[in-house]
Amino acid sequence: MEVLSDHNWVLTVGTFLPLVGVLIMLFIPKTDEVLSKSVAIATAAATLAVGIFTLIQFNYDHADKMQFAADAEWISVIKSSYLIGIDGISLPLYFLSMVITLLVMIYSWNHVPSPGNAKAFFILMLVLQTGMAGTFIARDLILFFVFFELVLLPMYFMIGVWGGENRQYASLKFFLYTMFGSALMLVAFLALFFKTGAESFSIPYLIENGAGIAKNTQIWIFAGMFVGFAVKVPMFPFHTWLPDAHTQAPTQGSVILAAILLKLGTYGFVRIAIPILPAAAKEWAPWIGLLAVIGIIYGALGCLAQTDMKRLIAFSSVAHMGYVMLGISTLTDFGLNAAMFGMVAHGLITGMLFFIAGSVKERYHTLEIKRLSGMLVQMPKLGWILGFSAMASLGLPGLAGFWGEFPAILSAYQPAEGLPVETFRTYMVIAAIGTVFAAAYLLWLYQRTAFGEPTAEFAAGHGHDEDIHDVNKFEWIAWTPLLIAIVVFGVYPQLMFKVLDPAVGVTLKAFGG
Amino acid sequence: MLSTSAAAWTTPVVDYHALAPEIILAGGIVLLLLLDLFISESKKWILTPVASFTALGAFIPVLTLALSDEGARSMFDGRYMVDDFSLVLKGLFLLAGYVVILLTSDHLREGDYYQGEYWFLLLSSILGMVMMASSRDLISIFVALEFLSIPAYMMAAWRKRDLKSNEAGIKYYLLGVFASAIMLYGMSLLYGIADSTLLVDIGKQLGEDVTAIRAVAVLFVVIGFAFKVSAVPFHTWAPDVYQGAPTPVTAFLSVASKAAGFVALVTVVYVGFPGSHEVWQPVFWILSALTMTVGNVMALKQTNIVRMLAYSSVAQGGFILMPLAVAGIDGVANSALRAVVTYLLVYAATNLGVFAVVMVVSRKTRSGEISSFGGLFSYAPGVASLMTIFLASLAGIPPLGGWFGKFAAFQSLVSAGNNWAYALAVIGGVNSVVAFGYYGNIMREMWMKPVPDGDTAPVKIHSSLGVALGITGLATLVLGVFPGLVIHFGDIAGLAGAFGN
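Protein chains in written order, with our numbering: chain U, 1 to 513; chain B, 1001 to 1501.
Each hint should be verified, as a subset may be incorrect.
[Claimed, not checked] In silico BS3-like links for lysine-lysine, alpha-carbon gap of 25 Å or less:
(1) Lys173(U) x Lys1301(B)
(2) Lys1301(B) x Lys30(U)
(3) Lys1449(B) x Lys361(U)
(4) Lys1043(B) x Lys1160(B)
(5) Lys30(U) x Lys1160(B)
(6) Lys173(U) x Lys1449(B)
Simulated from the structure, these hints should not be mistaken for laboratory data.
Produce the complete structure using the sequences and hints provided.
Set out below in structure tokens:
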């Protein structure tokens, strides 16, 4: 595969710069919280600056090619190398991870959750950033695996230390699920390595040679990867860790989890499983589609049953990732584009919703829906932002969510050649019904929390007036970029599609896409 | 050969450069004994630096030998080999020994133990290990094994007024002797079959045909070493001994002594019985599956940190055994050896680090319970972070050293490509998830639980313990990110005589 390797230091710097910040922060005394936070935010800002430089230098006429590609020796004995690069598929996610980290950090300036210790909290976020960015640039399976796992421990501690009441259970569940998935994934990677002649772990090499593996073997290897990635996405029935993790995680953890970590799974499908094992992908696609639509309906029904706002948003993630997986399962250019767009849109929108949930919790000290009411009266700005985000989430045309959802459903009308058309059309109908549910639970949530008068316990003069205030400065700084992006991508989706499309075409080469 | 050597006696050629590590160690040991005899009690502190410099001094010739281009040096008709395989393990034993010395120095002074004798025994045991790495003959292997074991029996009982420590010493001794007896029986059969004690000759004589008597001989020798590496079901001594012995001694036993057992096991299997893989492969398969499963399950329910680490070390042994279950298959021997050696190196660094942290923490809390780690992160974030790194490495989470050991083991299993190998890989995979149950439990205590007694005074780290923490922590990180630095140390080409090389 042809690669462009100008400026190939950019990705390495962008990925590892946060660790430099960590190193500096180690020498800052724990008591000097302001300095810790400043250094961390400065590091994240510098990282984002590198990200912007990447965005500018990226050659958009060659979005289908790996750019800033570098190849350095790493563990030559096992034929794994430091092979990195970025194309139209990874660029949006890579950049999104940098943006989200910085915004989350700004939000954390005066929102360090109990039990405090800003230094450790910010260090963990920086380590997470390296893991996330690294996963999106890796073009070698072992390198990918290492980065993929690097996010595990920081997130575990983030949930377990700074989370809600049930945090220990939730963090352990998150960890064990993911670890189990990764173990199978690693075995699948190894099997792939040996079945392609034990020559290399590099993804381009495996794409060239993976198709030659016997179909039955392919199906087994795909199954191993499937579990690893599906846990992360999460797909039904591997999703049960997600509501717990999200509900218990601190706001920052939820945002990062929803915006980026879940995408590591879907990204794995697009970048690794499907292009390397096309024959197996074809066999698996109807099943993936089935699980995806089950996820859509199950997630939506789950949402309707929730009494906790944050848990509801978590379940809506299951449904939204269902659309993404449905798009992927069609194995068409159209579906994959929708899925990739849906990943970014979900990152922006659900990230935003979790931010709001965090702020609501901070003000009312509860997220129980029936105790919340009249947000529009008490805090009009926050109420409107919630309304906006809910609309975006249910896929209102003109906002980013629409372009992930609608084309994904549409793509199921005509799946790739060789896939059962009737089955996918059935999926399409079910998924379309899912959008009705989505509108129902989101609007219902909005009605119950924002309309009407505040409940008696939170009405003015009942001792909560000090806590209940409208959007503050740090929240504005953290949220505005997300809100703008939701509108911009909603009005002008071509901005992202034109980057995605060429790269998606390369991914689907084996399917004649 | 023993039976014919009476005929003509020639003075053996002694390569002093090759023997320099052993000579320096022996010299240091004698010096320590003499110093201990003649200096006054108040000057006994001088013994610690002498012991440290002996271990480090012996490391210098290991380096020069490794850098020389001469290749494998064979002495005494090939009974004592200094090849790359032996050099990397000698290095491991000496550095691990040095870290143990760092761990011990304050412990000894505070506990009012005999110092001189302790250093003497520790260095003797290390000398035994260094010899083991080079032994290629049944007799030299046996001598090295006893040389490294007997001092360890005494060190386990070093807290002589503590009943638990006494129990540890006795138990270790009795079971150790029992294992030696079984092994000797196997060795005597081997000598009967091959008419030689030289491993290479035995390998040739055994060939590929398996008869009952040959199978028994191989089996007994393997079982003898299975005791040493505390493989289930021969592990029963480990928890009691680890818990009863002084903590630095436990660190030494769980790392260096275990590694020595694996070195011996690899040597006899690769050089002595390459053809008999039909006998030892299934044995290793069963031992490995049992060892990791039982070790993990038992570790899950421990409340004492050292006892938990004992079972964890049993379970880790199971992972190290994994690749040996397929080592006889064509083309796998090399990756299996690599996996074992790499795993041993990583495991040594990590496990010594864990024990260093345990010592730091138990000095403050005066408790051996896992719950005494509660809230460690709130008052000692540095120590807690290091412990997290070590535990994550033991659990095999990238990018910390342990992941690569596990990866290499899985890799050699998958490369074998048969269903037995896959089955073992799956068992190993499930076990590595289970293992997180107890490693994660300590992390949870440190990060998420309150301080049990409310005492949040910062912990004091003595300089020697700090150095030990620094070395092991750095090694754990570096080995995880750049495992390529060490993996070629396990190349089969470095083990002279392996699989008929």
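Taking the hints in turn, this is what the structure says about them:
1. Lys173(U) x Lys1301(B): holds, 19 Å
2. Lys1301(B) x Lys30(U): violated, 35 Å
3. Lys1449(B) x Lys361(U): Within the cut-off at roughly 24 Å; holds.
4. Lys1043(B) x Lys1160(B): holds, 23 Å
5. Lys30(U) x Lys1160(B): violated, 43 Å
6. Lys173(U) x Lys1449(B): Given pair Lys173(U), Lys1449(B) holds - Cα atoms ~17 Å apart, limit 25 Å.
This entry does not satisfy hints 2, 5, going by the numbered hints stated previously.
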